[in-house]
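J.: Chains as they are written, first to last, in numbering that gives the first Met the number 0: chain A, 0 to 336; chain B, 0 to 336.
By construction, these hints were calculated from the structure, which means they are not laboratory data.
In this text the structure is predicted, and so the values were computed from the model without any measurement.
No residue lacks a Cβ here, since even glycine has one placed at the ideal position from N, Cα and C.
Keep in mind that the hints are not guaranteed to be accurate.
[What the hints assert, rightly or not] As a list, the in silico SDA-like pairs of lysine to any residue whose alpha-carbon atoms are at most 20 Å apart: (1) B:Lys298 with B:Cys273; (2) B:Lys298 with A:Arg189; (3) B:Lys28 with B:Ala50; (4) A:Lys298 with B:Gly182; (5) B:Lys298 with A:Lys139; (6) A:Lys298 with A:Ala335; (7) A:Lys298 with B:Cys273; (8) B:Lys298 with A:Lys28; (9) A:Lys298 with B:Pro98; (10) A:Lys298 with B:Lys28; (11) B:Lys298 with A:Arg191; (12) A:Lys139 with A:Lys28; (13) A:Lys298 with B:Lys298; (14) A:Lys139 with A:Gly317; (15) B:Lys139 with B:Gly25.
[What the hints assert, rightly or not] Over 12 Å on every C-beta distance to chain A, these chain B residues come out as not near it, computed from the model: (16) Glu52; (17) Ala59; (18) Glu72; (19) Lys139; (20) Gln162; (21) Gly183; (22) Arg191; (23) His242; (24) Gly265; (25) Leu270; (26) Ala303; (27) Leu308; (28) Thr330; (29) Leu333.
[Claimed, not checked] To give a feel for the contact side, a few chain A residues facing chain B, derived at Cβ under 7 Å: (30) Gly140; (31) Asp143; (32) Ser159; (33) Gly161.
2 protein chains.
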Amino acid sequence: MTPGEARSAQPNVGAKRALTLGVDVGGTKIRTALVDADGTVVASHRHPTDATEGPEGLMADIRACVGGCLGVEATQATSVGMGIAGQVDVGTGVLRFAPNLGWRDVPLKALLQDALDRPATVMNDVQAATWGEWRHGAGKGVHDIVCVFVGTGVGGGIVSGGQLVTGCSGAGGELGHVTLVEGGRDCRCRNRGCLEAYVGGWAIGERAQEAAADDPSGAESIIARAGGLVRAITAAHVSDAYHEGDSLASRLVTETARFMAAGLVGVVNTLNPCLLILGGGVIEGTPELIDLAEPQLRKRALAAAVEQLRVTRARLGGDAPVVGAASFARTVLLEAG
Amino acid sequence: MTPGEARSAQPNVGAKRALTLGVDVGGTKIRTALVDADGTVVASHRHPTDATEGPEGLMADIRACVGGCLGVEATQATSVGMGIAGQVDVGTGVLRFAPNLGWRDVPLKALLQDALDRPATVMNDVQAATWGEWRHGAGKGVHDIVCVFVGTGVGGGIVSGGQLVTGCSGAGGELGHVTLVEGGRDCRCRNRGCLEAYVGGWAIGERAQEAAADDPSGAESIIARAGGLVRAITAAHVSDAYHEGDSLASRLVTETARFMAAGLVGVVNTLNPCLLILGGGVIEGTPELIDLAEPQLRKRALAAAVEQLRVTRARLGGDAPVVGAASFARTVLLEAG
Numbered sequence: 000m001t002p003g004e005a006r007s008a009q010p011n012v013g014a015k016r017a018l019t020l021g022v023d024v025g026g027t028k029i030r031t032a033l034v035d036a037d038g039t040v041v042a043s044h045r046h047p048t049d050a051t052e053g054p055e056g057l058m059a060d061i062r063a064c065v066g067g068c069l070g071v072e073a074t075q076a077t078s079v080g081m082g083i084a085g086q087v088d089v090g091t092g093v094l095r096f097a098p099n100l101g102w103r104d105v106p107l108k109a110l111l112q113d114a115l116d117r118p119a120t121v122m123n124d125v126q127a128a129t130w131g132e133w134r135h136g137a138g139k140g141v142h143d144i145v146c147v148f149v150g151t152g153v154g155g156g157i158v159s160g161g162q163l164v165t166g167c168s169g170a171g172g173e174l175g176h177v178t179l180v181e182g183g184r185d186c187r188c189r190n191r192g193c194l195e196a197y198v199g200g201w202a203i204g205e206r207a208q209e210a211a212a213d214d215p216s217g218a219e220s221i222i223a224r225a226g227g228l229v230r231a232i233t234a235a236h237v238s239d240a241y242h243e244g245d246s247l248a249s250r251l252v253t254e255t256a257r258f259m260a261a262g263l264v265g266v267v268n269t270l271n272p273c274l275l276i277l278g279g280g281v282i283e284g285t286p287e288l289i290d291l292a293e294p295q296l297r298k299r300a301l302a303a304a305v306e307q308l309r310v311t312r313a314r315l316g317g318d319a320p321v322v323g324a325a326s327f328a329r330t331v332l333l334e335a336g
Numbered sequence: 000m001t002p003g004e005a006r007s008a009q010p011n012v013g014a015k016r017a018l019t020l021g022v023d024v025g026g027t028k029i030r031t032a033l034v035d036a037d038g039t040v041v042a043s044h045r046h047p048t049d050a051t052e053g054p055e056g057l058m059a060d061i062r063a064c065v066g067g068c069l070g071v072e073a074t075q076a077t078s079v080g081m082g083i084a085g086q087v088d089v090g091t092g093v094l095r096f097a098p099n100l101g102w103r104d105v106p107l108k109a110l111l112q113d114a115l116d117r118p119a120t121v122m123n124d125v126q127a128a129t130w131g132e133w134r135h136g137a138g139k140g141v142h143d144i145v146c147v148f149v150g151t152g153v154g155g156g157i158v159s160g161g162q163l164v165t166g167c168s169g170a171g172g173e174l175g176h177v178t179l180v181e182g183g184r185d186c187r188c189r190n191r192g193c194l195e196a197y198v199g200g201w202a203i204g205e206r207a208q209e210a211a212a213d214d215p216s217g218a219e220s221i222i223a224r225a226g227g228l229v230r231a232i233t234a235a236h237v238s239d240a241y242h243e244g245d246s247l248a249s250r251l252v253t254e255t256a257r258f259m260a261a262g263l264v265g266v267v268n269t270l271n272p273c274l275l276i277l278g279g280g281v282i283e284g285t286p287e288l289i290d291l292a293e294p295q296l297r298k299r300a301l302a303a304a305v306e307q308l309r310v311t312r313a314r315l316g317g318d319a320p321v322v323g324a325a326s327f328a329r330t331v332l333l334e335a336g
């Protein structure tokens, strides 16, 4: 099937059958997937990112995947959508900056189109995950959603009035960096007091390390999980200890939920979504955070902002970026066709 | 001219000539204006709000105005747009709740159409002001803007990708109620630590009163302006004292700018606007707040979120809600026609 065929007189019929490629380029791994029109991953492949091989190396890897590990069906994909951990101009498909890869001003869309000989779209990976949850996951059919992905860092994505909020320079949805405590904890961005500096996985680890250093005897169980090293404590150790009833872990999780609720109050008052979708490794590891945070969110946000709000878990897990990137390509290219 | 004529074969020509009515219903005053296609207020009238007379009384007031104080031209207005201090379902034109008036579930659009015998739209007043600044004020021609109006309270409005963000239940843009200090100062909403609780006019007054109570001798100049009564100190007294070089006022303004910047960091990281428009009585009284806050905002927000950001003052002042409401009616009704 050539790209032209996707623009047939019956695009919906064509779209239903058509397969699309999704590529998720992170700081440590590249995931390539073949995705159908329902957002189902038909085949996928993962390998480590090698930033030193440059964008051309990335293209060679993807091309090899399409001709090989994704199976023969992949050669029939009508288009390709990429999500990448960085700032992207969605209109031109130019990667402005990817801090983890050290790449700047790379015309990824043009490179992808050349490498795979089919139309392409490029977007930020968290925006891709948001698109995926919106079109095929927990947000299906809802016009106003906000996704907050709490992993090592905290990222977010916004769909407002049925439109993905990319912002002026592609950086829209950086919900991990709303101020939560003016002048508070140092964040990995250059600011202080961001939401991420309290609830991101790295921050939970730091808070746990501080608590353990303050009171080692109360932290015995958590320290043991970290091989006896306070500075090796991570959010995963806290989560494990929490699920076995450890009291320090319980306090840390309760505090994390309180910070999360305070940050989400601002997000919900700002955007008044119908649906708030929470995902990412920290939420997957400790889904109780949602049950702990939601009542506080409802109590503290403006009544008008929560009266129609639903809060739910993300549904696509790690598939969200590839599914979203593929779905975005399908949608944008069909609309243009 | 009848409503039907606005839907002529050449809508743009018709629109250019056409006049539209704008109505701004606040807690204390009603403003009615005749607005042309360029957003110029041709005639306007203001009178106090009497919530006890109910929605029917409001309609009678507006009808009297159109037939009288706004001049004979007003009878030719093709449509009417209302902005009201409350939560509005823009689609149906039903006022869900107006806390200042104590009104709930009032079908204002239908009432307006009946009263004035022409098509109407109804929206939240701050969203109307945002629309006004976007179409005819400081935000003209820009697709991604955020307005923050710092008056007694703090309100906001968002245009993302050329679309007004109203949210799921009409409450989008409540930027005064983003969390700034988790567990911080009591806000007039039911939460603590909101941006408004630090930079709203009432909060600046409270902070000044606290500073004056702590150190009356250092606050002599401000206390004198308030007639010798610490509890009578307002944001206006602080502003006046600041402009005459008072040191406590200077400290208060510096702190207000720091809080404002911290709140705006979250707003800008969330939405990545091209343009941030600051208005409202506190900004108009102390425009230096922008110069003090902007460098901190640029330093503390994500680089990608500010690299294309401009910050500017609102241009329409108190006209913004009537101009925006009128312009919104014109746009929506022409598009529908």
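J.: Each hint needs a verdict: does it hold in this structure or not?
T.: The hints, checked one at a time:
no.: 1; hint: B:Lys298 with B:Cys273; result: holds (17 Å)
no.: 2; hint: B:Lys298 with A:Arg189; result: holds (8 Å)
no.: 3; hint: B:Lys28 with B:Ala50; result: holds (10 Å)
no.: 4; hint: A:Lys298 with B:Gly182; result: holds (13 Å)
no.: 5; hint: B:Lys298 with A:Lys139; result: violated (38 Å)
no.: 6; hint: A:Lys298 with A:Ala335; result: violated (44 Å)
no.: 7; hint: A:Lys298 with B:Cys273; result: violated (33 Å)
no.: 8; hint: B:Lys298 with A:Lys28; result: violated (31 Å)
no.: 9; hint: A:Lys298 with B:Pro98; result: holds (18 Å)
no.: 10; hint: A:Lys298 with B:Lys28; result: violated (31 Å)
no.: 11; hint: B:Lys298 with A:Arg191; result: holds (11 Å)
no.: 12; hint: A:Lys139 with A:Lys28; result: violated (27 Å)
no.: 13; hint: A:Lys298 with B:Lys298; result: violated (33 Å)
no.: 14; hint: A:Lys139 with A:Gly317; result: holds (17 Å)
no.: 15; hint: B:Lys139 with B:Gly25; result: violated (25 Å)
no.: 16; hint: Glu52; result: holds (25 Å)
no.: 17; hint: Ala59; result: holds (28 Å)
no.: 18; hint: Glu72; result: holds (35 Å)
no.: 19; hint: Lys139; result: holds (16 Å)
no.: 20; hint: Gln162; result: violated (5 Å)
no.: 21; hint: Gly183; result: violated (8 Å)
no.: 22; hint: Arg191; result: violated (8 Å)
no.: 23; hint: His242; result: holds (26 Å)
no.: 24; hint: Gly265; result: violated (3 Å)
no.: 25; hint: Leu270; result: violated (6 Å)
no.: 26; hint: Ala303; result: violated (4 Å)
no.: 27; hint: Leu308; result: violated (7 Å)
no.: 28; hint: Thr330; result: holds (15 Å)
no.: 29; hint: Leu333; result: holds (19 Å)
no.: 30; hint: Gly140; result: violated (13 Å)
no.: 31; hint: Asp143; result: holds (5 Å)
no.: 32; hint: Ser159; result: holds (5 Å)
no.: 33; hint: Gly161; result: violated (9 Å)
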